[in-house]
Amino acid sequence: MHKVAIAGAAMCRFGRYPEKSVQDLGWPVVKAAVENAGIAPKQIQSAYVGSAYGGRLVGQRVLRPLGMLGMPVVNCENACSSGGTAFREAWHAIAQGQWDCALVLGIDKLTALGGGVLPGQPDDWDVNVGLTMPALYAMRAGRYMHEHKISAEQLAKVAVKAHKHGALNPLAQYQNEITLEDVAKARAVADPFTLLHCCPTGDGAAALVLVSEDKAREIGLAKPVWVVASELNSGRYMTGFRDMTTPEITTRGAEEIWEMSGMGPDDIDVAEVHDAFTIAELLYYEAFGFCQRGDAVALLESGATSLGGRIPVNPGGGLLCRGHPVGATGAAQLVELTWQLRGEAGKRQVDGAKVALAHCTGGGIAGLDHGACSINILSR
Amino acid sequence: MHKVAIAGAAMCRFGRYPEKSVQDLGWPVVKAAVENAGIAPKQIQSAYVGSAYGGRLVGQRVLRPLGMLGMPVVNCENACSSGGTAFREAWHAIAQGQWDCALVLGIDKLTALGGGVLPGQPDDWDVNVGLTMPALYAMRAGRYMHEHKISAEQLAKVAVKAHKHGALNPLAQYQNEITLEDVAKARAVADPFTLLHCCPTGDGAAALVLVSEDKAREIGLAKPVWVVASELNSGRYMTGFRDMTTPEITTRGAEEIWEMSGMGPDDIDVAEVHDAFTIAELLYYEAFGFCQRGDAVALLESGATSLGGRIPVNPGGGLLCRGHPVGATGAAQLVELTWQLRGEAGKRQVDGAKVALAHCTGGGIAGLDHGACSINILSR
Amino acid sequence: MPDARKTADEFAEVWTVPGAVMTLANGEQRLRGGKCQGCGAEIFPKPKVCLSCWSEDIADDPLPTRGKLYAFTVVHVARKGWRTPYVIAYVDLENGVRVSAPLACDPKAVPAYDSAVRLKVGEIGRTDDGRPIMSHQFEQA
Amino acid sequence: MPDARKTADEFAEVWTVPGAVMTLANGEQRLRGGKCQGCGAEIFPKPKVCLSCWSEDIADDPLPTRGKLYAFTVVHVARKGWRTPYVIAYVDLENGVRVSAPLACDPKAVPAYDSAVRLKVGEIGRTDDGRPIMSHQFEQA
Ligand SMILES: [Zn+2]
Ligand SMILES: [Zn+2]
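Listed in order, the protein sequences are those of chains A, B, C and D.
Using the numbering used here, read the first sequence as starting at -16 and increasing by one per residue.
Using the numbering used here, read the second sequence as starting at -16 and increasing by one per residue.
Using the numbering used here, read the third sequence as starting at 28 and increasing by one per residue.
Using the numbering used here, read the fourth sequence as starting at 28 and increasing by one per residue.
Among the hints, a few may not be true.
[Said to hold, decoys possible] In silico negatives: residues of chain B with every beta carbon more than 10 Å from chain D:
| hint | residue |
| --- | --- |
| 1 | H(-15) |
| 2 | C274 |
| 3 | K337 |
[Said to hold, decoys possible] No farther apart than 30 Å at their CA atoms in a straight line, the calculated lysine-lysine pairs in the DSS-like style are these:
| hint | chain 1 | residue 1 | chain 2 | residue 2 |
| --- | --- | --- | --- | --- |
| 4 | A | K3 | D | K73 |
| 5 | C | K135 | A | K140 |
| 6 | A | K3 | D | K62 |
| 7 | A | K14 | A | K330 |
| 8 | D | K62 | A | K14 |
| 9 | A | K140 | A | K168 |
[Unchecked claim] Footprint (simulated), chain A over chain B, 3 or more residues, beta carbon under 8 Å:
| hint | segment |
| --- | --- |
| 10 | 59 to 70 |
| 11 | 74 to 80 |
| 12 | 218 to 225 |
Just so you know, the hints here were simulated from the structure itself, not pulled from any lab data.
Ideal Cβ placement from N, Cα and C applies to all residues, glycine included.
Generate the whole structure from the sequences, applying the supplied hints.
Next comes the structure, spelled out in structure tokens:
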């Protein structure tokens, strides 16, 4: 196994760009990532592109205007984990010696879907009886609040924290601070969620250039960020009782990433977790062992997961504020963490961060916690 | 590098199944492939799924009813090369020691798209002026016929040969023999093509179980089929003159696969090439060096590429007869060749076949020969 | 895909989950689960293959009508075509099978977590062209 | 995405490739290529970045109006909304740039391979609601 480093990273400001094609959303980000790596485009031997809604040959369409074709392009889809899946395929190919330099791109343009709740799969029995993604997470939230005696106001604190971080990120879709009252007064979506409990839909792209250790040395990479471990799994199909406050796929993935990395929750200095909805961030604190079961709100209220705390979570604003163009998210988390580990995260810098964890999971599919989950640990 | 063997292979009869969900199209094929490998489902460590139009989480949806989830599922898209891309990712992961057993599935359900010419990308300038996939190949055909003084009747002989082979394949979408007159009299699509110059649209799935050499020994695999070499590339973006009778992406891919395998055209006993349209098969004879440039019709007319000839091409009927559910095709070619190398191809068996080549390429995108091309060489 | 069938009223009903409801000889309407004849697993909706033992011999399995309310939410923003607010829930039946379903109740007075609910089959709304949308659903027991 | 603009007739034209045609000071209509100010590459349609040198300084480049017919076909089965038959072609302009375009001719009498063609701009059809569909196209020179 070769060590793999992130040599270049870039993303655009996430937001709503209905007038832009997927191609024009993506190529400036790829260009910036390659320039950030300081290598010639010709040195990139393959591209791994994650997208959920980008359509056929999304990688080829984005790379065409840059003349970066000829090489193998692998387009990966795994719903919210599409970008994370592309990253893992690229990491693996370099770690095993197939390439010494590869591009990872995560991209999606949700404004092309016509707005509203994302479409479900037509033959999904949960969808057929009226389930939506907000409703699914809302049920998790309701059950969690019931079991742990949590109020809607306490849950809303996740959103307030996300916006506090997002306000410091010039690439976030939302850059405004909000109050608990703002959250309570926003439009109802699915009880206990108002709109501010839910990530926005939008468009975005994020890209990384990965290199082998030898290549990193060859190009004189000044601030390498290393991939410590990379994990992907799919959700188990469960037909009976399942505890919706214990995210099956992430809990299992966490065990695997700790085993693979030889690390544990105490080793993590900063994390990006998949806060598609407020409740999700709390469930993932517990799934990763950042706190004990039932203690997530206490951890949040202690300030430990805010910037300046013991383990800042979602310093870039998370999905709630940075935005969640589905296939772009996994790559965007890794770009944010690359900047954090390089000390380039500006006002939202986590001082002295050495080890970072990225987690994205999603894809509503009846009988599964989620369709896919991707977890990565980086270090400097 | 570990040697990789195909341990199990299965496909359904390709055709039009508008009443079936993608899930119900796929799981019986996966079940059959796993049973064909004679291994317990739990031994499969990861799944690689190729689909162009299957929608989000297509692999998870197909594997759910079989309870085959929990493991990493990587959904790959590369238009007509989606199945080939999934195969290559799986091959690579086993060759490099990540897994010792993985599933490959290619699947698509074109009847869900509402019929007619496949939709093009909305911001493609060739599509905007009226280009369709049949029209693109028709221009290649016209130019080739002009340069090499070939008649429409000679071109039609590709379709007649495909139907001769397809009539021997109980899993082909079309199983009827046709005459040159049938081809000439069929509905005009894009000159010089009538409908019988074009592959049908339809639905289908094909699956393979890949294992490492060690695993093959452990399970006592009786008739292993080995992956000799696996190649994937993307089309170069060309803004000026390009020779449409020399398929850029396949020509380059052929050079790479010969280098990777240490083999050449004379080593191939049987081939499946991407005959989406009659002209394609002729261009690919030349691209792979089965004959010299301009000699493709002579090679066809000599009978060399028919069953019983020197190098039978598309013994399963090819895309023209077996059908072309886009993402399924790459996997279906490899299933057909697995059967050929095992000596299980029934009436269409190529006697004594030891080395086989599979080639799929496609994805219309302006400025590129094609979006992607996947080439694999197998041996027994 | 709605399981459209003609009724005496000459309009077709639309079912949320086609085939999810079966009518017993005594006229009782029950959820149609599948019972694997290979390993005994009970699964809803009735599958064509058993996820545990891969048997394709799956018999109709009239599921219990009583269960416990595990989770629910009142949906205010829904996909196109759904009238809001509505309540959706996960219910654990007495035999351990979990079912997602509409919960027939006032959205302002949803039953308590873990309270007993019972199966009910009926109309949950109308399509734009006036056809009834039928569904298995639960109500307070 | 059609580049909709109001005309004197108060209906919007639809362009097959928005921005593909430019009008020179003398009123002449030309294909709008892009000329990279970094490396001189000429590209059609005009890109936002140069595929060769990645410069984003791309100037309008009125392309030659004359070219050679490289390949063509008469399309009989088309995507929804296209009236058939129509002729589509690849043309190599005098400066080496290749352009895909409709070929204005009788489908039964298409010009010969490699023959000279010239640029023409105009209506190639009508949308369902009667708006003209405008396109760059070629005709026999
Ligand atoms: Zn069973
Ligand atoms: Zn340039």
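Tell me the hint numbers this structure goes against, listed in increasing order. Going through the list in order, the structure violates no hint and respects every one.
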